[in-house]
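Novice: Here is what each chain is made of, one letter per residue.
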Amino acid sequence: MQRYILRRLAQLVPTLLLITMMVFALMHAIPGDPARMMVGAGDALDEAQLAVVRREYNLDRPVPVQYALWLGRALTGDLGRSSANQRRVGEELLLRASVTFELGLFAWLIAAAIAIPAGVIAAVHRGRVPDFAATLVAVGAVAMPGFWVGIMLILVFGVHLRWLPTQGYVPLGTDLADGLRHMVLPAIALGITSAALMMRQMRSALLEVMSLDFIRTARAKGLAKWPIVLGHALRNAMLPVVTVMGLEVGRIFAGAVVIETLFGVPGMGRLMVQAVFQHDFMVVQGSVLVMATAVLAANFITDILYTVLDPRIRYGA
Amino acid sequence: MARSPSLGRRTVLRGATLGAGATVLLARHGRAAADQPHYGGTLRVAYQLAPGAIDPVVGRSGGDAYYWRQFTDPLVDADPALNPRAATSLAESWDVSDPKSVTLKLRKGVVFHDGTPFDAAAVKFNIERLLDPATKATPRAAFGPVESVEALDEHLVRFRLKRPWGSVLGTLADRGGAMNSPAAVKALGADYAFKPVSTGPFKVAEYVSGSKVRFVRNEKYWGRDEAGNPLPYLDEIVMNIVPSETVQVSALKAGELDLIYLPYREVGNFLSSSTYNIQSFEGGAIACTLSFNWAKPPMDNVNLRLALATAINAEGINKAAFFGRAIVAKGGMWPTGAWAYDPTVPRPSYSIAKAKEYLAAGGKPGGFEMDALFWPSETNTAFAEIIRAQCAAVGIKLNLKSAEVTVATEKFYYGGEAPMFITSWSRYPEPDWNASLIYRSDGYYNAGKVKNEKLDALVDEGAATVDIPRRKQIYRQVDEIVLGKAMMVPLIYGVTYAAAQKAVMGVENVFGWDAKMYLHRMWLKKA
Chain Y
-15 MQRYILRRLA QLVPTLLLIT MMVFALMHAI PGDPARMMVG AGDALDEAQL
35 AVVRREYNLD RPVPVQYALW LGRALTGDLG RSSANQRRVG EELLLRASVT
85 FELGLFAWLI AAAIAIPAGV IAAVHRGRVP DFAATLVAVG AVAMPGFWVG
135 IMLILVFGVH LRWLPTQGYV PLGTDLADGL RHMVLPAIAL GITSAALMMR
185 QMRSALLEVM SLDFIRTARA KGLAKWPIVL GHALRNAMLP VVTVMGLEVG
235 RIFAGAVVIE TLFGVPGMGR LMVQAVFQHD FMVVQGSVLV MATAVLAANF
285 ITDILYTVLD PRIRYGA
Chain S
5 MARSPSLGRR TVLRGATLGA GATVLLARHG RAAADQPHYG GTLRVAYQLA
55 PGAIDPVVGR SGGDAYYWRQ FTDPLVDADP ALNPRAATSL AESWDVSDPK
105 SVTLKLRKGV VFHDGTPFDA AAVKFNIERL LDPATKATPR AAFGPVESVE
155 ALDEHLVRFR LKRPWGSVLG TLADRGGAMN SPAAVKALGA DYAFKPVSTG
205 PFKVAEYVSG SKVRFVRNEK YWGRDEAGNP LPYLDEIVMN IVPSETVQVS
255 ALKAGELDLI YLPYREVGNF LSSSTYNIQS FEGGAIACTL SFNWAKPPMD
305 NVNLRLALAT AINAEGINKA AFFGRAIVAK GGMWPTGAWA YDPTVPRPSY
355 SIAKAKEYLA AGGKPGGFEM DALFWPSETN TAFAEIIRAQ CAAVGIKLNL
405 KSAEVTVATE KFYYGGEAPM FITSWSRYPE PDWNASLIYR SDGYYNAGKV
455 KNEKLDALVD EGAATVDIPR RKQIYRQVDE IVLGKAMMVP LIYGVTYAAA
505 QKAVMGVENV FGWDAKMYLH RMWLKKA
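First to last, the sequence lines map onto chains Y and S. For the record, in the first sequence the residue sitting at position 205 is 189 according to my numbering, with numbers rising by one throughout. Converting from the second sequence to my numbering requires adding 4 to each position, the first position being numbered 1.
Rather than coming from a laboratory, the hints here were simulated on the basis of the structure. All C-beta atoms in this analysis are idealised placements derived from N, C-alpha and C, irrespective of residue type, glycine included. A couple of the hints might just be wrong.
[Unchecked claim] Computed from the model, here is a short list of chain Y residues facing chain S with C-beta under 10 Å:
#, residue
1, Glu31
2, Gln151
3, Gly251
4, Phe261
Using the sequences and the accompanying hints, generate a full structural model.
Specialist: Next comes the structure, spelled out in structure tokens:
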């Protein structure tokens, strides 16, 4: 088990390197003078000032050298300064990533909290009213884009009922209750599609397990329905659900871009989109590093969870 | 250009009397108002864009003004028409009569937020800082005429000029005229960009990245209202960064915000409700304009440009893309409200018959086909589509190409990639800013770098002239050429609308000459 974990960890390093290298190459593949791109269109800076920009960001050196310089500094924890606003990328990312992480975690928890019970109930009541109702809601949730759900939530709970704030972010450390109130609507808007997908996965996995021999045996022995479902079937059915839950981490990160913009949540998604538009190389590079690490970490944890849920799985051991 | 001493004295005098005049007017207004300003409270405002920097000098986005206006004063302030106004300026008076120098007499007793004195040495430091390429200051080019700066005594500063500087007063009202504390700049280095220290009515208390900027009252502020009460009235301003206009509107309705700028589609609803204080500013931008590459066929042909300009019905664009809430442009690139605005210059107007005549004169009686670049936004996409449809009616087929705004701008003006760009333009009331950049043969926005000797001469004369009536004549001649040859075709002037809760007072002062938010004189009625 330990060897397996170590090996999986070691595999993460080249993946990360490859990702940062590709992003670096892509940013430099954009046609045009990178210094002009960095300072933005128009007449903002003149030639003498552009020369300073080129020197500061090593744009006068070959791209592989620039990458090596960046990587060397990144290893010491220095991700450079933003070309758009001169702020330290590391500090900025730490602030923003924690916000997105908070939002993503809430969205994911809400999704799981809705999906697993709903999926179980739908499977147990297969073909009856609860199943149809859950399916209908799930199909609707997948079909509705997150930003539209967000706007509807704002209109209903913010403007009409005035129960919850419509925008902004309050750190949980500053004011826990207010922070949570600000988090509810964006987390629901972000998590609802994932909830639907997880729920469908839960339902079909549980149905499959429920048709297996050992469940029939348990029934034949006279066990009641719910102890069978919760005690025997659920754990076995969780395997594909965990896979989907792991994959949904990536989707939640991607969805955060839109939801953060809508609710004015100062997270990574917004930072990164802005940075791409502004050709802020250092920020793009830093955010990709953080996001890639998060998604890889989620996959890693999923793999470990497999072995916990199903002791038969011992990869390559 | 030589200038007589008498004119010089008059120019100085004008600065002083205008300032006094403004004070008198405001005083009368103040007495007429029934409400006595109330001190205290927090004003919650929203703006779409996060600051590129809060330091006015290094920020590169025009939207940064929403932030730096609140904690700075300009060396020479201006009223909404860009006439200089001494009463609210850091300089008490100025002498711009000598073509080789500009002299400013500074207000006494002003201190920076950190307690260090604002004096001639500080002005010298600030101007030298923005001229240094290493600062990467945005207004560096605008200060091109400055050769050197001398502190003549504690409160008298002189700029030595390389060439006459006609736009000096307007330029000092903009970001380069905001003063930063030399001590703080030296102490903070690159981190100064988000921790600026200036002279204005509010101080920057905190920037929460991507979320908000919080300003608190500057207890040592020099400014007084007409009754002699110290400014500002508010304890605190929270400028929330809310990227979605839809969400801004719903947050205002939910009572989470006090003041926002309204999107056009909401203006009708808000005007018909009496729940909010609404204020508007005409000519806040050139909301829709056609820009051409005068070297790239077919737009190198003046008749074909005129055909295009006369094929477009701006009234229709205003109705469909701006909900009828903007204004059809009647002048050139200096919009309504600016002193250089002149609606009497003849310009192409909508006429299908004329468009067909111009097409024939241009050698394309059956019409033609070309690429047109635009950058997508709710409004821009709408007007680009309308323009395409209107052009199709006379046989001009536009292939619309879209790109994100910076990319499109760079592609069109720097890359020369299309003959036409459908875009919007900021409010630049100082005419030289647009004239030098668009019409001069070496201007960045002269996409084809086309030389028109008469225009070059006029632009240079305008740039070197200080006297406003004379400059008006010069820019009228510029407009005659530009509009007559359809070099730029502004179609719609924007109207900026602000909406505030009923308790927010002073909304009539919210728009500065640049149509950006000024919160210096806002106050909150007690609930």
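Novice: Which numbered conditions among the earlier hints are violated in the structure presented, ordered from lowest to highest?
Specialist: none
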